[in-house]
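Enquirer: Assemble the complex: chain A is given as a structure, and chain B must be docked to it using the hints.
As you go down the protein sequences, you meet chains A and B in turn.
Take 35 as the starting number for the first sequence in this note's numbering and just add one per residue.
Take 35 as the starting number for the second sequence in this note's numbering and just add one per residue.
Incorrect hints may appear among the rest.
The list cannot tell twin chains apart, which means a pair is met if one copy fits it or any two copies do.
[Claimed, not checked] Below, simulated DSBU-like cross-link-like pairs (lysine-lysine); rule was C-alpha separation at most 35 Å, straight line:
1. Lys355 with Lys449
2. Lys421 with Lys134
3. Lys134 with Lys425
4. Lys285 with Lys112
5. Lys58 with Lys425
6. Lys58 with Lys134
7. Lys48 with Lys112
8. Lys134 with Lys48
9. Lys425 with Lys449
10. Lys249 with Lys40
11. Lys75 with Lys449
12. Lys48 with Lys372
13. Lys449 with Lys285
Rather than coming from a laboratory, the hints here were simulated on the basis of the structure.
What you are looking at is a predicted structure, and each value in this text was computed from that prediction instead of being measured.
Take a look at the letters that make up each chain.
2 protein chains.
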Amino acid sequence: MGLQDKAYTLRNCKAVLVDSETVKLNVNVVIERGVIRAVGKESEGDEIDCSGLVVLPGLVNAHTHSAMIALRGYSDDKELRQWLSDVWAFERTFPRQLMKLSTEVAVLEMLERGTTAFVDMYFNPEDVREMTEKYGIRAQAGFTFLDSMFDPSEVERLQRGLRGTELFTPIINVHSVYSVSRETLKLAFELSRELNQRLQIHASETRGEVFYTKKNFGLFPVEFLIKEGLPEGSQLVHLGWIASWELDLLKNHHATYCPTSSMKLATAGAFPLYEAIRRGVNVSLGTDGPASNNSLDMFREMKNAVLQQRHNYWDARVTAKDAFRSATTGGYRLLGLKGGKVAQGYVADLVLLDADELYPFSPERLVSHVVYYTTGEAVKKLIVSGKIIEKETIRREKSRLVNEINESLSSLSYK
Amino acid sequence: MGLQDKAYTLRNCKAVLVDSETVKLNVNVVIERGVIRAVGKESEGDEIDCSGLVVLPGLVNAHTHSAMIALRGYSDDKELRQWLSDVWAFERTFPRQLMKLSTEVAVLEMLERGTTAFVDMYFNPEDVREMTEKYGIRAQAGFTFLDSMFDPSEVERLQRGLRGTELFTPIINVHSVYSVSRETLKLAFELSRELNQRLQIHASETRGEVFYTKKNFGLFPVEFLIKEGLPEGSQLVHLGWIASWELDLLKNHHATYCPTSSMKLATAGAFPLYEAIRRGVNVSLGTDGPASNNSLDMFREMKNAVLQQRHNYWDARVTAKDAFRSATTGGYRLLGLKGGKVAQGYVADLVLLDADELYPFSPERLVSHVVYYTTGEAVKKLIVSGKIIEKETIRREKSRLVNEINESLSSLSYK
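With the rest of the complex left out, here is chain A (with noise of 0.2 Å):
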């Protein structure tokens, strides 16, 4: 894409929802570089007219599990324990053609609702990047250390040849606690650190692990991990049943909250959003995976993350301008990127929703209509790293490849 280098201008926007507290009328966004060079009246290079866009920072997914596209609608009315079993039982004899199949759709499906950056666990990390590469999105990706189905050790090896690029960064991936042996979590520990990745681990999601650290070692799932000897820095995601004094555990770590999947899973624990931000814990919104929530669209997410916390806690504290902070500044804080607001300096990921979808239109009322009311439907381009994406030319890439998904589905037992 020509544009992508030199300066050009989002110009005359409707609005820019500079940040959940900002919204700038009828002004110009200039990008040069994949950086935003101005939120104002300047222009610069060539211009494209968004007198019918509402720009917003992009949206960051900070937790799924792309590749289970092909999984979606698989087993749904389960609670967690017997759901899992389901989806291992499939993963073991995933093909690896349509493994890679899924991300890829999963990807489009991503782009095509408005999220900017995915952060990954799963077994194809290199298909991941592959996307990251030919569709332009940001990830974040690792192979997954999971001792039921794959050798420590192998992890490990495929891990050291896994290699970053502007797009894509690797992350250790541990699946949870109960799932891998205490030496495992030492090998992976020790690799984050020594790989300087960043590692990411499902904890504290159901009362189930909680008994089974708190049999097995005398402690609660994060005050075990940061025992144990948890990397600086590390995402613990879900976090449903965490204990509220375990939350000043997470000062030097990140949080990421997924409220539909929570939900849906029945884990019927609720992460104390409200508190963990209150305590400086960083938090970002995950949609979990496909198979379990079963939509990809942040959208979705940002409301449903209101409305578990507001059911749950009795009382109307988080609001949308909470829900939004998690999908962008607190998603790119994760990221270790300077991103999530629409303001000079930071990264070029902005999503461009149809302004005539976001009614009644007041500046006062944007940021609820993005939260309560719309979904992926309203996005008409995206821009990631200063480069546009236009939703028509990811609906039709998507179209050809759910096809091929149909098929390579139906070609095997399962339903």
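Expert: Just chain B, lined up with the frame of chain A:
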């Protein structure tokens, strides 16, 4: 639309979701005079190629306040009591023309997203009737007893003048036990019996309401309504705080569940869906108004029903099929119509979805995709009482009206 009266055929539908249990592949659906004549190999009259479409029964939005589109995003981050106080302040000066315009946009938005019929509680039922004629959606609506806003005898007078049509049925709306006097309640009950119009009332929505009836009448809200002589076949909405023993009082009534709104308003109650179904209560689903949801998309509502149930009750007993039946057969039973299935003799109220958007495609996964994955975004056409409505037509019309609503609101002081 010329096709309406003579028979026509939806030819070679990729899949027909007959009901929650049955999927038929590659069949025709023959429609004549608003009724489904056959689902199978038969063909009659003009043929419409449906090889890329999945056919479902129409979705019934069993409870909304359509005119509140103007209030979408106006007051979000508050609990019910404060929210209601904000909303009532707006409504006291709600311009009549804006109210009508809001209802019109809401009707288009519902059609666009697969709602073939809705039940409305507001102050402008004649506007609703006009929209049923203009756009072909089914609706039930009536003037609303709400003592702080309207003189009950005036509501009675207006209601007596409200006439039904093929698509529009008048109902008696009562806001709640806490917002009308006991005399108004009696008046509404008598009017419902005399005019043979179903009564709709919000009930057991909050702890505050339970406290109110207990304190003033010594009874729980549903118990109180029954003791006061609630007409048979009434519609009780919300019921988040219904006592389990009160469920048995609903045998001859209808329950409507609005999960999203109850979560967003932090009412903390969760209608006991599993128990209600098991005890034979007819359950329908509603989005509630666009100021408290803020979406009118029944696909999202089905998913949120499952999510709230599973989170609240710590198990996965409520399934996608329960949500689907509530939105289809439960809704049509409320309306008093033989509808909610794609089968011979049922009303031809159908939703046609883009099959490419339901992936991976398999008959076994169809209900899951409809409930957990897709949204109204996948709707391509609707059929109401045999009349075909194209999504693109709706969108064009809506786009024009949204501009009007934006202009109208910008001239008011409400932000």
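Enquirer: With reference to the structure, classify each hint as holding or not holding.
Expert: Each hint tested on the structure:
| no. | hint | in the structure |
| --- | --- | --- |
| 1 | Lys355 with Lys449 | between (40 Å within a copy, 17 Å between copies) |
| 2 | Lys421 with Lys134 | within (24 Å within a copy, 43 Å between copies) |
| 3 | Lys134 with Lys425 | both (22 Å within a copy, 34 Å between copies) |
| 4 | Lys285 with Lys112 | both (34 Å within a copy, 29 Å between copies) |
| 5 | Lys58 with Lys425 | both (24 Å within a copy, 33 Å between copies) |
| 6 | Lys58 with Lys134 | between (41 Å within a copy, 31 Å between copies) |
| 7 | Lys48 with Lys112 | between (45 Å within a copy, 28 Å between copies) |
| 8 | Lys134 with Lys48 | between (39 Å within a copy, 27 Å between copies) |
| 9 | Lys425 with Lys449 | both (30 Å within a copy, 31 Å between copies) |
| 10 | Lys249 with Lys40 | neither (59 Å within a copy, 71 Å between copies) |
| 11 | Lys75 with Lys449 | between (56 Å within a copy, 25 Å between copies) |
| 12 | Lys48 with Lys372 | within (24 Å within a copy, 47 Å between copies) |
| 13 | Lys449 with Lys285 | neither (44 Å within a copy, 38 Å between copies) |
Consistency with the previously given hints fails for numbers 10, 13, ordered from lowest to highest.
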